[in-house]
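One line per chain: the protein sequences are W and R, in this order.
Each residue of the first sequence is one higher than the one before, starting from 1 at the first, in the working numbering.
Each residue of the second sequence is one higher than the one before, starting from 1 at the first, in the working numbering.
Don't read these hints as lab results, they were simulated from the structure.
Some hints could be false.
[Stated by the list, open to error] Simulated crosslink set (SDA-like; lysine to any residue; CA at most 20 Å straight-line):
#: 1; chain 1: R; residue 1: Lys249; chain 2: W; residue 2: Lys206
#: 2; chain 1: R; residue 1: Lys83; chain 2: W; residue 2: Gly59
#: 3; chain 1: W; residue 1: Lys119; chain 2: R; residue 2: Ala281
#: 4; chain 1: R; residue 1: Lys65; chain 2: W; residue 2: Arg80
#: 5; chain 1: R; residue 1: Lys251; chain 2: R; residue 2: Asn275
#: 6; chain 1: W; residue 1: Lys63; chain 2: W; residue 2: Glu29
#: 7; chain 1: W; residue 1: Lys206; chain 2: R; residue 2: Lys83
#: 8; chain 1: R; residue 1: Lys254; chain 2: W; residue 2: Arg80
#: 9; chain 1: R; residue 1: Lys83; chain 2: W; residue 2: Gln90
#: 10; chain 1: W; residue 1: Lys259; chain 2: R; residue 2: Asn233
#: 11; chain 1: W; residue 1: Lys148; chain 2: R; residue 2: Lys251
#: 12; chain 1: W; residue 1: Lys206; chain 2: R; residue 2: Gly147
#: 13; chain 1: R; residue 1: Lys130; chain 2: R; residue 2: Pro201
#: 14; chain 1: W; residue 1: Lys259; chain 2: R; residue 2: Leu6
#: 15; chain 1: R; residue 1: Lys130; chain 2: W; residue 2: His203
These numbers come from a predicted model, not from an experiment.
As a plain string of letters, each chain reads:
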Amino acid sequence: MKEIVVISGKGGTGKTSLSASFAYLAGAESLICDCDVDAANMHLLLDADFDKREDFMSGEIAKIDADLCSNCGACEAACRFDAIHRIEDQYEVDPISCEGCWYCSRVCPSHAITMETQKAGDLFVSHIKNNAQMVHAKLGFGAENSGKLVAKVKQTARNITKDSAIKYIITDGSPGIGCPVISSLSGADLVVLVTEATISGIHDLKRVHKLIKTFNLQAVCIINKYDLNLEMTQEIEAFLHDEDIKLIAKLPYDETFTKALSLAQPIVEYDKDCALSHLVKQAWETIKENILIKKGI
Amino acid sequence: MKKNNLKITIASGKGGTGKTTVSTNLSSYLASNNHAVVLTDLDVEEPNSALFIDAKLKETTICNKMVPKWERADCTLCGKCAKICNFNAIVALPSEVLVFPELCHSCYACSELCPTNSLPMNPVRIGEIKTFEATDFHFVEGRLDLGQEMAVPLISQTIDYVDENFKDTIKIYDAPPGTSCPVIEASRESDFVILITESTPFGLNDLRLAVETMRVLKQNFGVIINRYGIGNNDVEAYCQQEGIPIITKIKNDKALATLYSKGALIYPKIEHFKNSLDDIATFIGAIK
Ligand code: SF4
Ligand code: SF4
Ligand code: SF4
Ligand code: SF4
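Using the sequences and the accompanying hints, generate a full structural model.
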């Protein structure tokens, strides 16, 4: 089993539609993971049925028992996050501001404060339109442990593929370069970098590539909307050349992409025979070939 | 526009919806209409508004967070601090106490509850705030150091910095993507939040998530539909149904995308985009 992780540094580059296309092409040979737990939306493109759901518990918040509280104010003085206030003669915790540090509960002389584990989100395992399975999640409001939820998504995916005929895990990585994307990249056999020919596209590509280098991962690249700015495309190609990253597709600016999106279809489903679909199919074939080659050999 | 101290946050469920395009162009447009404006990039993990702005760096301010520092002298190695820290940022070994600053949330509990005062809080660098002078408006950027994970403290320090240094100035915040802590921090103190979306199933999905967040925060908000003309009418129908004002619709336009790819200002060249900015200016001017 091989793990392919698609990332782009920033949103809006076409990363999700491309990973959904790969999943669509790979069919039941693959299992797909949506690691953008903060704003997941790949399920829309693949018709996920939300078959199994599980609570994801993480983090805590303080709760004051009014019956035990003597209104001494020690908790308010201790809290560095301004999460405790006296409201109409009773101390109360603002759940949005509470970081779950336990300080208040440790200083409360009346033992009136308990810490409650919070539900931080939902984890789903679904069947999708080409009979493959998909693991995805939704982070709850204001929850911050997205790195942990991403790790949970990946772990769940690996458990499913154990002792199965599944050959690839295709992961739509989290945006950014922080903790969630590091979790998305763990265990990757091949990273697919998606960028676009814009001034911010190349900037984000370079940032995210630094991360890949730190982890010593093998990467290939797809340039989207390459004809929007040919100079920029040249600059990106030069960068890829210097860094020894294989360019596996250059996709033109094409409204078909958006049309497919508005029907909630991956491009390779929307129009199997259009030029764009051919390029995406070719890219998928190249990915499959490249994943077998280890760097340095 | 009457209020000269408005705080507007520009947000979206996801990246790539045109947040940076709208915030940079809106700042320049308002400035060209004789308003004092400061634009602040709060996407501290990956700020890139600066790429689109021709501006001179004026000042750099180092940002710190407070982290305990172990002082061996009086420490009895009782191990209490390690038990107290709920974020596993302290490990007590038989012969020493180790602190992991990346994991510390600066709650002060270990420091203040240590029986021997052996863990005083000390500043540790997490990033910087840069102030720029553009031709017509001010620009501030918060930038987290690579490898730092705590975006929220830097966002709140950047907002405080802008509050202190720019009085009687319209404040436009370019928010980080997503719906979790960073965007909450960037939105909660604003007078108004503008959510940018596009009329596709993706856009609608992200918008719903962002709207949920704004409702929990009890924020005033409105919607801009970008790349209008692609997709379907579901976003408009949703806004109508939910009573959410649509501030403007920005037409889908390849010429606009091309200007964006070069990092150029768009409204001086594209009339319909300028009209959209005018809609926004009128709209925010109408907020009481
Ligand atoms: S747990 Fe920490 S953050 Fe939450 S209310 Fe108590 S002291 Fe404040
Ligand atoms: S420290 Fe305990 S007793 Fe005192 S106000 Fe807080 S909850 Fe009440
Ligand atoms: S609580 Fe204070 S005295 Fe005890 S091990 Fe920690 S630093 Fe040392
Ligand atoms: S300040 Fe709080 S989070 Fe930081 S090390 Fe001490 S107890 Fe842990």
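Taking the hints in turn, this is what the structure says about them:
Among the hinted pairs, Lys249 (chain R) with Lys206 (chain W) is inconsistent with the structure: their alpha-carbon atoms are about 33 Å apart, more than 20 Å. Note on Lys83 (chain R) and Gly59 (chain W): the hinted pairing holds, with a Cα-Cα distance of about 17 Å set against a maximum of 20 Å. With a CA separation close to 40 Å, the supplied pair Lys119 (chain W) and Ala281 (chain R) exceeds the 20 Å bound. For the hint pairing Lys65 (chain R) with Arg80 (chain W), the CA-to-CA distance comes to about 12 Å; that is within 20 Å, so the pair holds.
Restraint check: the Cα-Cα separation between Lys251 (chain R) and Asn275 (chain R) comes to about 11 Å, which is no more than 20 Å; the hinted pair holds. At roughly 48 Å between alpha-carbon atoms, Lys63 (chain W) and Glu29 (chain W) are farther apart than 20 Å, so this suggested pair is violated. The hinted pair formed by Lys206 (chain W) and Lys83 (chain R) fails the criterion: a straight-line CA distance of about 41 Å is larger than 20 Å. For the hint pairing Lys254 (chain R) with Arg80 (chain W), the CA-to-CA distance comes to about 49 Å; that exceeds 20 Å, so the pair is violated.
Simply put, Lys83 (chain R) and Gln90 (chain W) have alpha-carbon atoms about 29 Å apart, too far for the 20 Å limit, and the pair is violated. Distance hint between Lys259 (chain W) and Asn233 (chain R) is fulfilled; the C-alpha atoms sit about 13 Å from each other, no more than 20 Å. Note on Lys148 (chain W) and Lys251 (chain R): the hinted pairing is violated, with a Cα-Cα distance of about 39 Å set against a maximum of 20 Å. Under the criterion of a C-alpha separation no larger than 20 Å, the hint pairing Lys206 (chain W) with Gly147 (chain R) is consistent with the structure, at around 15 Å.
Proposed proximity of Lys130 (chain R) and Pro201 (chain R) is contradicted: the alpha carbons are some 37 Å apart, above 20 Å. A distance of roughly 38 Å separates the Cα atoms of Lys259 (chain W) and Leu6 (chain R); the hinted pair therefore is violated under the 20 Å criterion. In summary, the hint linking Lys130 (chain R) to His203 (chain W) is supported, as the alpha carbons are separated by about 18 Å, within the 20 Å threshold.
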